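Number of protein chains: 4
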Amino acid sequence: MNNCTKIKVGVLGATGTVGQRFIQLLENHQHFKVAVLGASANSKDKIYKDAVHWLLATPIPSDIANMKVHACDDIEAFNDCLIIFSALDASVATNLEKTFRIKGKAVFSNAKSHRYDSDVPIVVSSVNSDHIRCVQDQKKMYQGGFIVTNPNCSTTGVVVALKPIVATFGIKEVIVFTMQSVSGAGYPGVPSLDILGNVIPYIGEEEEKIEIETKKILGELSSSDGEQPSSSLKFNDHPMFVSAHTNRVPVSEGHTICLSIKLGREATVEEVSNVLKGYHKLTPPENCKLLISEPPLHVIDYPQTPNRPQPKLDLERGRGLTVTVGRIRGGSYQGGGSFDIRLTLLVHNTVLGAAGSSIQNAETCFKFGYIQ
Amino acid sequence: MNNCTKIKVGVLGATGTVGQRFIQLLENHQHFKVAVLGASANSKDKIYKDAVHWLLATPIPSDIANMKVHACDDIEAFNDCLIIFSALDASVATNLEKTFRIKGKAVFSNAKSHRYDSDVPIVVSSVNSDHIRCVQDQKKMYQGGFIVTNPNCSTTGVVVALKPIVATFGIKEVIVFTMQSVSGAGYPGVPSLDILGNVIPYIGEEEEKIEIETKKILGELSSSDGEQPSSSLKFNDHPMFVSAHTNRVPVSEGHTICLSIKLGREATVEEVSNVLKGYHKLTPPENCKLLISEPPLHVIDYPQTPNRPQPKLDLERGRGLTVTVGRIRGGSYQGGGSFDIRLTLLVHNTVLGAAGSSIQNAETCFKFGYIQ
Amino acid sequence: MNNCTKIKVGVLGATGTVGQRFIQLLENHQHFKVAVLGASANSKDKIYKDAVHWLLATPIPSDIANMKVHACDDIEAFNDCLIIFSALDASVATNLEKTFRIKGKAVFSNAKSHRYDSDVPIVVSSVNSDHIRCVQDQKKMYQGGFIVTNPNCSTTGVVVALKPIVATFGIKEVIVFTMQSVSGAGYPGVPSLDILGNVIPYIGEEEEKIEIETKKILGELSSSDGEQPSSSLKFNDHPMFVSAHTNRVPVSEGHTICLSIKLGREATVEEVSNVLKGYHKLTPPENCKLLISEPPLHVIDYPQTPNRPQPKLDLERGRGLTVTVGRIRGGSYQGGGSFDIRLTLLVHNTVLGAAGSSIQNAETCFKFGYIQ
Amino acid sequence: MNNCTKIKVGVLGATGTVGQRFIQLLENHQHFKVAVLGASANSKDKIYKDAVHWLLATPIPSDIANMKVHACDDIEAFNDCLIIFSALDASVATNLEKTFRIKGKAVFSNAKSHRYDSDVPIVVSSVNSDHIRCVQDQKKMYQGGFIVTNPNCSTTGVVVALKPIVATFGIKEVIVFTMQSVSGAGYPGVPSLDILGNVIPYIGEEEEKIEIETKKILGELSSSDGEQPSSSLKFNDHPMFVSAHTNRVPVSEGHTICLSIKLGREATVEEVSNVLKGYHKLTPPENCKLLISEPPLHVIDYPQTPNRPQPKLDLERGRGLTVTVGRIRGGSYQGGGSFDIRLTLLVHNTVLGAAGSSIQNAETCFKFGYIQ
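Those protein sequence lines, which keep their order, are chains P, R, C and Y. Heads up: the first sequence begins at 0 in numbering that gives the first Met the number 0, then just goes up one per residue. Heads up: the second sequence begins at 0 in numbering that gives the first Met the number 0, then just goes up one per residue. Heads up: the third sequence begins at 0 in numbering that gives the first Met the number 0, then just goes up one per residue. Heads up: the fourth sequence begins at 0 in numbering that gives the first Met the number 0, then just goes up one per residue.
No incorrect hints appear here.
Copies of one chain are not kept apart here, so a pair can be met inside one copy or by any two copies together.
In silico lysine-lysine, BS3-like type, Cα no more than 25 angstroms apart, as pairs:
hint	residue 1	residue 2
1	Lys171	Lys261
2	Lys32	Lys45
3	Lys276	Lys48
4	Lys276	Lys171
5	Lys276	Lys261
6	Lys67	Lys5
7	Lys7	Lys48
8	Lys102	Lys43
9	Lys43	Lys97
10	Lys7	Lys45
11	Lys366	Lys32
12	Lys233	Lys138
13	Lys67	Lys102
14	Lys366	Lys139
15	Lys366	Lys102
16	Lys366	Lys7
Simulated from the structure, these hints should not be mistaken for lab results. Note that the coordinates shown come from a computational prediction; the quantities given were computed from them, not determined experimentally.
Isolated chain P (complex conformation) (with noise of 0.2 angstroms):
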């Protein structure tokens, strides 16, 4: 596919840190290509490479670096774009992600505004892409328009770790305990005065998105009885009781979180540490083969070394895609209490955690035919 018959896709809130993700992620895309930069008003009709604080340390892509700058409520100058990126702040999604959900728009958003709307689902691609199959009541609702968001950068990292174990084993309960890098809070975000040497125990919002999404995503999505009208499908939360812990770290990029989990049935530690293990060679389903021009090696990577993952050496597994996994070990020590596997894993919190799984949701869509 060349650049003249790739899908032309806008993406709103491009001088942001997951809007700058966006832009580098889809330099040299198979499928799309990046035709429209929305931003905020105050960097309205500046060239891009003038408008943004760069923080990545790849170049701005050359046919990006002078693209003129819209506002992203100058809804006309996405008219070409079939696809919609949103990396904007919830203050603003809410409204301007509907308005192009409405004007036929297919829209992917990293916002957490429409997540727990009763007809539009959150996916993570090697999850549960089968909940991407509800666009088409909002297709026929919204004009041909629809929204999928991706999670919570954190419940990303957590829901590919228990997706095997959920599957195989079932899971009652599990505990989230993360240590988030502060490129989670975006630009300028976190003040260096608050973070050189600190470690911050709290982050708004965050614990309660885990609790709420990991359910979301882990559950079903089933017809309804078909009285409403507007919907035929709903979102069965999964019953499991999720609890988290949620805290900031002087890490740049990388969000380091442990699990407690308990299983639905018994199994042994090696049992589980076998389906992670097997789980990262399996082929991607066929429905998540998209995985951004090139499919990573594994969703998830498990380093069978005792003090792994690091963000600093696991950080770029398959290219931030892969959920690198480890210390797989029991509940316990002395043995009882309520868990039966504790665990910890990485995720790379813009890449897979924000912009990738937009990325691969639109890819998704893309296969299944949802975008033409």
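Place chains R, C and Y on chain P using the hints.
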């Protein structure tokens, strides 16, 4: 008490990070005077300021700087000391501490070597100073000598925060998640290449220590059946389940720890908060008044802002002898699950979590008349 | 002097990082009492503890925590204050400080706004407190009011270290290389994404400030020819050449600065070392005795170990009022080149480099009788 | 060239940080194949992946992971290698490198041991690859063997930035001020307790190395008078004065270095900028084309934004083989003083500053026909 009548103490491992804290905290102590310094053979006969890589922001006390360093196994050198503080590595502590005990010394140790001995207590002054009475049995056995240990640094913070809760409501289970500073690993300790901008989700043996020590400290010291001639007192572990995840973060000093707690009986978040809020206002119990010359105002501080405690802001509360708690909330936002309470705590790992607790234990023994 | 008879002072910019230092350092001051707090309009009428994002490890002084905050331009609110300490941004300081001066106030400012005015001195107490006498000219012009500034934080450290050298040997040229902490940029200041594990080799206007201010402070204040009616005293810059490279490093507090110095006359490294070694032992000159209630022991410390000064170990010397120097050596190892001496210094940028010097200047004026 | 016909190389010190870089950079090299791994005696006979504490974000090359490690002094083990790359500590490098030379090997060394030998060059490929011709003299002396060193990591960056300037304008004097990352100190290297949130203003022998090596590299290699039978070529140091201040900062990788330069003849800032701007566009000179399989685009990059270069953003330019310069400006803002130009540069200390330059030197020798 002037310098002449103070009790002479020896410090083993005086050049290490914990040894330095002993020397710093004992400067101008009301009852104790550092009289002999012990270190490894290659520091032998050097003067202290040349043997030590001093890492504290306060200067080496002037009366210590030019003292000669002895080899730790030069037992005779410590003849005049009634008290031995041990900041030794476990590898050498096991035998050396026993040797000093059999010489009739009161040994207060940070090493793990004897923590799990059936006749040695693990004591945090504000938590279980009643366990100290078991030294009477040791004194009979070892010609007046005895060993009192203090727990691993993380455990110290955990048991201080749990004490008022277990005393009021009981505790069935606790999950411990730590974010530990590099000073806990001594010097040279953690290489900077491993930890700058990174998290290491593994600390050797740390999780096991937390699980075992918490139960011993919060357990009971009771009369045994009297059949054993050598011991009339026996430690009964608290029956709670304890499970830990331990992590190293790029912080210099101060361990931040999240807890999920299942109570022994039903209680509201408010009731638990009130017990912790109230606790810090208590006069310290009779037997822990002698807190390094002058008592800290609070055993526990509870700043009621949502983003606390933080190492940067709360480490020095009570001169490092106070544990700061925060974020007391329910077990999950949506209800249900195994736990009733979540909270975060901060402990100064080299003050209260190491040398400080050893000194407080010596003060308690001094007050009880176990040291003459 | 009890609280009733202390001089009332107002603090402008009281919620910022330098404002917080003023409040911390003035707690229990012998002669001054913080009576009015000024901040920006959106803090107006809040109580201080709610308006401030307190960043210091010591708690907010209890008598300040519940004081009402006034808008800085509510000039009447400061009527009872003889002294105004200004921690304002230059953008608002320019006019506000003039307004307070014309109201007869003694204004001590950290802002750069008036540093280069021909009738305003830039003063570091131990370096050029004789320059303060120029306030007599201001007092005549402005109804008893005057402005005294202290220099940029890096310059403060530089002039303290250069003072004994220039006084003894003269200085022809100095090259200044800084490694500055993030607290110098205020709050929120430097985003953590920019500085974690990174160096930023640029600080806006900082190099220019160092070059200009060093020459003014080390210059002479002399009688002018008397033809200007408004002023009888005139600043003559020191003729030395000054050139600076300024850099931001991931350190919270404390600026580390390397100097290459060309002396005015030949001298050995030993002679220069002796002058700096000797300097710290001097009784501070008569007119800088009042160093924030009690004098620091040393204006300059010179720990003679090769790897000092370091922010972590030397920052708190003299309660942040002492400059630490180290590594005094020749201009190059092979000889030759433009410079005679290299050395490294450390200055506490928010204590001596900001609020501390302002307070010392107020103390000097108080002692000289310029404040009644 | 397939694997069978590639030149076999040995790596001494293969488990250290520089050794790891050799192995990483030589993976898939066009002409060289790592055939033998050498390390200290306690790694002997282990397989590589068990002997190494791998610190790079890319995995151990699969063909290396299971190779057996030899003791470095097991000379026979390296018999089949034409090339020896040395990442040894100077303490052992001195004799071992001589031994391999006398065995006829082409030794490319990061160690300082032989840098100052009168018949051994210090070479950075893009700067002074003409110095390599002196190996002909060594080959005559040592049965075909020779040693080529590359400079200290900081010096490497300095000479690359100075080369176009000295070639065009001449240089009389340069002041070097470094902010060096911890990877320069190897592993375990700098303890985290020493550097977290800190600056260490001293690196042993580093300043001397910069002063001496810069002058040798930028000097001339000329015919001597021919009277010495063992050598027909002689190094003449460049007569510029060099003076250095070296500092360690909490950065993992990448040395940031400020320079003050006195030119040999008058030139404007614009002229100097143009020479540096132009330089990076040049085709690398004929004799340094073989830059680790494929040349980097630029020897020097000059991003013209005021706050660059930065380790975080510019380290990976040219795969770590490009030096980034920035902030080219006059010697001072007010004019006057000894220096004409100030600038800042960044060098990847373990790629171009260590293993990368060694490999480029081997490539140059290979191209020149010195290795058969």
